[in-house]
Amino acid sequence: MKVMAQMAMVMNLDKCIGCHTCSVTCKQAWTNRTGVEYVWFNNVETRPGVGYPRTYEDQEKWGGGWVRTKRGRLKLRSGGRFTKLSHIFSNPKLPEIRDYYEPWTYEYDTLLSAPQGEHTPVARPMSLLTGKAMQIHWSANWDDNLGGSTETMAQDPILKQMSEQVTAELEQAFMFYLPRICEHCLNPSCVASCPSGAMYKRAEDGIVLVDQDQCRGWRMCVSGCPYKKVYFNHKTGKAEKCTMCYPRLEVGLPTVCSETCVGRLRYLGLVLYDADRVLEAASVEDPAELLDAQRSVLLDPHDPAVVAAAEAEGIPHDWVLAAQRSPIWALISTYQVALPLHPEYRTMPMVWYIPPLSPVVDVVTGSGNDGEDARTLFAAIDRLRIPVEYLAGLFTAGETAPVTAVLQRLAAMRAHMRNVNLGAEQDPRIAQAVGMTAEEIEAMYRLLAIAKYEDRYVIPAAHAESARALEETASGCSLDVDGGPGMGGGGRFGSSSGRPVRAAVETFHALRNRQTADTPAGATPTRVNLLNWDGNGAPPGMFPPEKGQPGYGDGPEAHA
Amino acid sequence: MTTRDVLLWVVVPYVAGAVFVVGHLWRYRYDRFGWTTRSSQVYESRLLRAGSPMFHVGILMVIGGHVVGLLVPRTWLEAVGVTEHAYHLVATWAGTLAAVLTLAGLAILVYRRRTVGPVFLATTRMDKLMYVVLGATLAFGTTATVMFQLLGDAYDYRGSISPWIRGLLTFQPDASLMADVPLAFQLHVLCAMSLFALWPFTRLVHVFSAPLGYLTRPYIVYRTKDDTHLGNRVPRPGWERVERPGSRR
Ligand code: HEM
Ligand code: SF4
Ligand code: SF4
Chain A
-8 MKVMAQMAMV
2 MNLDKCIGCH
12 TCSVTCKQAW
22 TNRTGVEYVW
32 FNNVETRPGV
42 GYPRTYEDQE
52 KWGGGWVRTK
62 RGRLKLRSGG
72 RFTKLSHIFS
82 NPKLPEIRDY
92 YEPWTYEYDT
102 LLSAPQGEHT
112 PVARPMSLLT
122 GKAMQIHWSA
132 NWDDNLGGST
142 ETMAQDPILK
152 QMSEQVTAEL
162 EQAFMFYLPR
172 ICEHCLNPSC
182 VASCPSGAMY
192 KRAEDGIVLV
202 DQDQCRGWRM
212 CVSGCPYKKV
222 YFNHKTGKAE
232 KCTMCYPRLE
242 VGLPTVCSET
252 CVGRLRYLGL
262 VLYDADRVLE
272 AASVEDPAEL
282 LDAQRSVLLD
292 PHDPAVVAAA
302 EAEGIPHDWV
312 LAAQRSPIWA
322 LISTYQVALP
332 LHPEYRTMPM
342 VWYIPPLSPV
352 VDVVTGSGND
362 GEDARTLFAA
372 IDRLRIPVEY
382 LAGLFTAGET
392 APVTAVLQRL
402 AAMRAHMRNV
412 NLGAEQDPRI
422 AQAVGMTAEE
432 IEAMYRLLAI
442 AKYEDRYVIP
452 AAHAESARAL
462 EETASGCSLD
472 VDGGPGMGGG
482 GRFGSSSGRP
492 VRAAVETFHA
502 LRNRQTADTP
512 AGATPTRVNL
522 LNWDGNGAPP
532 GMFPPEKGQP
542 GYGDGPEAHA
Chain B
2 MTTRDVLLWV
12 VVPYVAGAVF
22 VVGHLWRYRY
32 DRFGWTTRSS
42 QVYESRLLRA
52 GSPMFHVGIL
62 MVIGGHVVGL
72 LVPRTWLEAV
82 GVTEHAYHLV
92 ATWAGTLAAV
102 LTLAGLAILV
112 YRRRTVGPVF
122 LATTRMDKLM
132 YVVLGATLAF
142 GTTATVMFQL
152 LGDAYDYRGS
162 ISPWIRGLLT
172 FQPDASLMAD
182 VPLAFQLHVL
192 CAMSLFALWP
202 FTRLVHVFSA
212 PLGYLTRPYI
222 VYRTKDDTHL
232 GNRVPRPGWE
242 RVERPGSRR
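Keeping their order, the protein sequence lines are chains A and B.
Counting along the first sequence from 1, when you hit position 168 you're at 159 in the working numbering, and nothing is skipped either side.
Counting along the second sequence from 1, when you hit position 102 you're at 103 in the working numbering, and nothing is skipped either side.
These are computed hints drawn from the structure, not numbers from a lab.
Quantities reported herein were computed from a predicted structural model and do not represent experimental measurements.
Beta carbons are placed, not taken as given, at the ideal position from N, Cα and C, and that holds for glycine.
Honestly, I wouldn't trust all of these hints.
[Said to hold, decoys possible] With a cut-off of at most 27 angstroms between alpha-carbon atoms, the simulated DSS-like pairs for lysine-lysine come out as follows:
| # | chain 1 | residue 1 | chain 2 | residue 2 |
| --- | --- | --- | --- | --- |
| 1 | A | 61 | A | 84 |
| 2 | A | 123 | B | 129 |
| 3 | A | 52 | A | 66 |
| 4 | A | -7 | B | 129 |
| 5 | B | 226 | A | 123 |
| 6 | A | 84 | A | -7 |
[Stated by the list, open to error] For the chain B half of the interface with chain A, some residues (derived, Cβ under 8 angstroms), not all of them:
| # | residue |
| --- | --- |
| 7 | 67 |
| 8 | 84 |
| 9 | 93 |
Generate coordinates for the entire structure from the input sequences, incorporating the hints supplied.
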């Protein structure tokens, strides 16, 4: 047994209102710069729908993830080492930017500079790729809320696997949102696809990153990832991906998407797993067994043998304690309500989802029945094959039994808690029916419905016990490189060159204070790094000073 | 042997060589972030799929041919049984194939650069200069080969250019060897020297990162903050980590 720690996430899909706040704040923090205009490290797709990039789940076409060979070994779907190198001059499986969408801006200037005339001036959309006027045909969430989905929904790869008549019926039947980030997989096929070895998994917390100094732009990772969560920065010629906001996690703060999630549906925490068993679990023959195999790789952090092994591996004690308090472990293993996205890709994703019960509840209430009654709900879950099958296509490689089990637990919780809230008599059969006790159901309810900040995010700070690590954070804006989030400066060899200073947050204590303060942050001397902004008011420096205020006109125009 | 000969066939090559070597070291040290193929495939795949493999296979064959023809002395080849006739046959036919592939590939790539909007926008001035010099080198090389090897009576560069190159590499330069070489070959060599001098400052640096290590490394790469990399960079002298008594790591 080799114990390793992994920072993992669970999202409770019932609570997602599809507001895209997570996507927007993530974009502001990480991909708000040229070269990655089309990139959303966090995106929210409406399902059924084609996703972003379009039909990314169709691995016959895109060749992401692993497949099991007849001899029981894992092989990259788009070919092993030799195949990869022989395709290096032109990658046959690479999505083009237009498979995501062509990024654009608007010609805002005409609104101000157009001469007076009969017609109101219009800001035309301008392509950020060609600089020319363009027609907008698609975007990162064109089929949001099933808008326009009659045209494209049939292309949804999950629907395609299901039977024909499902499709027509489904349109009225249900819809839900699927927020996605990089899965920070235990068996990441992106890392395995990178010819230069620039991608790596951090041994401490399992975060998967791209070394920007070592990436040579061979663009194999983009096609290697089945979730299409590695992106090619077309300006710098390097791969970029979700960083799980590691500079924030290292000081104990949740990721930007979690922090700003309106539905408060994201959970972050550590899980301990047995690194020696990852490959074995990813290679089980029957895809139906993948879910259990993946669950079994996670280790019980309360087991004294696991604790001893973890400490022998050098995992700090406070990390083990954090793993014991982890909401992730509770949701995946204790309550067994979280499921992995597409376990059949065999990358062992580490962002899990609690499937939504709302499609079922909607149908029940829509037909005039009681949407909080256990028996009605159970019957509906059994009867509504379509949503269940669809969810199974997403979360369990097509097996409906585990999805049904989760939905039943959620239904039982709903019914049980109604009795509690109304002070009605408890019906012990409700809990029994899903193999839980009333206390367990109530504890699960507390975690799912009312968990506070500290319960949703159990993040131990990183152990870099050195003054130097803090000293480095105080110097200037470390993101200030062209192509870097700071967007300052330029390179000697055009846009993609120069030496980047690595991303690091400002100072530990400043962050902590700002994070926990009730009032807007105090005097911050320089400009504000949105990466650290907690939505707590508008700290000084966020906007330039107004006319007549001190500091106004210090900029270049002041001397013009 | 005139001053001009010495200048062209000793000074220029050594300057180009020095710029090539020092330039790469410097670029690697100060601009690792800019060291990439700057792939443009996300803009356009169809033409690239035709042009890029063609060009690359061709140019790698060309490089291989140059190594054999220029760096390996004739006597060595004869020692392993490669006769003059066999050498000439292979050099002519494989060389022609390589040239056709390279030039056709390059033509597709340049056409693509010029006509596909986003690709053209992403083309830097350095790219353009590189394409001109690279194209000129290939054009003069092909012209010389066609003029002398295919149509003419086989100019014996292994008696002049090759020893001259080896002389440069062993620091015993002899400019007189190049003085009487046909003009087409001379221009080819001079263009190549310019290309070498440009090389470290263009996207061509990607050639030195050919990822052969991929064939042998384990699939999943783990990195850990070792003692030298606890923070985000190597500690400055005087800021090394303090070893805590009894610490396990
Ligand atoms: C040694 C092995 C080599 C490898 C693995 C390699 C790989 C690549 C790759 C992946 C690209 C990017 C293609 C794209 O997606 O846009 C590229 C572009 C290019 N390579 Fe190479 N290359 C090699 C050798 C060379 C050599 C020897 C030369 C010429 C001296 C060369 C010249 C170029 C040029 C000019 C481009 C730009 C093509 C364009 O987009 O117009 N490469 N190479
Ligand atoms: S989801 Fe993330 S870790 Fe997994 S293969 Fe894709 S990029 Fe890699
Ligand atoms: S912020 Fe939360 S609720 Fe809004 S779309 Fe993102 S995950 Fe859903």
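Exercise for review: Would you list, in rising numerical order, the hints stated earlier that this structure does not obey?
Suggested key: 4, 5, 6, 7, 8, 9
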